[in-house]
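On the provided structure of chain A, position chain B as indicated by the hints.
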Amino acid sequence: MLDIEFQKSPKGKWTTPPFDPRFPNQNQTRNCYQNFLDYHRCVKRMNRRGKSTQPCEYYFRVFHSLCPKSWVQRWTEQIQGGTFAGKI
Amino acid sequence: MAYPFQLGFQDATSPIMEELLHFHDHTLMIVFLISSLVLYIISLMLTTKLTHTSTMDAQEVETIWTILPAIILILIALPSLRILYMMDEINSPSLTVKTMGHQWYWSYEYTDYEDLSFDSYMIPTQELKPGELRLLEVDNRVVLPMEVTVRMLISSEDVLHSWAVPSLGLKTDAIPGRLNQTTLMGTRPGLYYGQCSEICGSNHSFMPIVLELVPLSYFEKWSVSML
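Chains as they are written, first to last, in the working numbering: chain A, 180 to 267; chain B, 2 to 228.
Extracted from the complex, chain B is given alone in its bound form:
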């Protein structure tokens, strides 16, 4: 989950998020290179006594500083589009989980086999046990099997919400009357936290999401225990 003074993204827990991390590294490197080059040139401009007031044309350098940015933009666009298309790949999920946003909690439904549904409220700060995370823990976590493609269907029962889990690179709006689909694939077991990402009233900051990714056998035992 997030930690104080964090600068970068959270560790990736899905293949798409890994791709996004690398893409961000690549693009940020380009940004740093251009910024430092520009700052260096500005510093040179400001620290010289030389002047040149008779520039008439500069065809060569103008060509370079048109072509080179175009190439840089292509070098950014190609990986970006690759990831965009990767997100839309058709995969065959093994499990469907629905989540409905409410003011101010999430409810989850696992209805492929039996009818399993429960609400997931934030644990108030007063009731946290030692070591638990403030404003992030919930009473009932979303338990899911790891390394399994899960179809998440997200909607809302009242106002706009947004279901986000940064570690898996997921953020999908919960819109009343609309069923939004996203694909979830966790590569390792663990607890992954997220928060509602669309303003939805007074307790918008207090309706977190916690995914608990576990081996399939644990998931099966848990789902039987929740029925």
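Next comes chain A alone, as it looks inside the complex:
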């Protein structure tokens, strides 16, 4: 979560995550998890290339809207502790 300013939703532009046809059904668990992974992967790769992570903020806004805070907190702690099970 490097760029706080970019993470704040652009006024008048962002409302809520749009319908994602990859996850059309009732179970949205994967929608939340996938965007969380995509955000961290995007940030990692942009940093590796020395580019701005601003485009990654879309994924941040999506998982921030969709994922329960406790899940995000737990996953973030796992990433910091090196015990996160997902591939970033």
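Treat the hints as calculated values from the structure; they're not laboratory data.
Among these hints, one or two may not hold up.
As the list claims (entries may be wrong) - For lysine-lysine, the following DSBU-like pairs were computed, each having C-alpha atoms within a straight-line distance of at most 35 angstroms:
| hint | chain 1 | residue 1 | chain 2 | residue 2 |
| --- | --- | --- | --- | --- |
| 1 | A | 248 | A | 223 |
| 2 | B | 172 | B | 130 |
| 3 | A | 192 | A | 266 |
| 4 | A | 266 | A | 230 |
| 5 | B | 222 | B | 172 |
| 6 | A | 223 | A | 266 |
| 7 | A | 266 | A | 248 |
| 8 | B | 222 | A | 248 |
| 9 | A | 248 | B | 50 |
| 10 | A | 230 | A | 192 |
| 11 | A | 192 | B | 222 |
| 12 | A | 192 | A | 223 |
| 13 | B | 222 | B | 130 |
| 14 | A | 248 | B | 130 |
| 15 | A | 192 | B | 130 |
Just chain B now, kept in the frame of chain A:
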């Protein structure tokens, strides 16, 4: 909300619930017609001295009482499937609200813009003000804008719960580790009550849900005040 000696559903507050009400009326009418016909025929059978002991075949009536029930079932199935598909229509929500079930309260998170979250406990009977509803009132209601499509994401932090608001035709299980989505659209302002609908321990009956549907400007003022 529910009232004593209630026989039917609560008044509908969402388009889907209106459809369900009408469907229920239609299906119940069919049920009453068939039941009264059968009861009438039974009463006729029991109150006659006439007998007929030499029935060999009854092709015509057997055809009728096979085809007619099939038609009746189709007349029930078609509206039912229509509503089922209507529930799954893709709509674009304007707001996402998450709710997590706990033992024994609900917590709500509005994180589209800022981080707004709060817990919602039932008001104990001793602390009710005059006119408030026993076992239904909560300290912090779920305030939502009316006539806005809201994406509700429901999960649990411990055991199974179920988030239900009958007036809007909503009931979705809260399962730990799973994020269940349902769409909420309230057509009129007001207070709408529901109760946890999956057994979750000793206080399962004491973790209600209260939606407060208000105009958008009130919702915006409320969300600023809650931050």
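- Task: Determine which of the earlier numbered hints do not hold for this structure and return their numbers in increasing order.
- Result: Hints 9 and 15 contradicted; others consistent.
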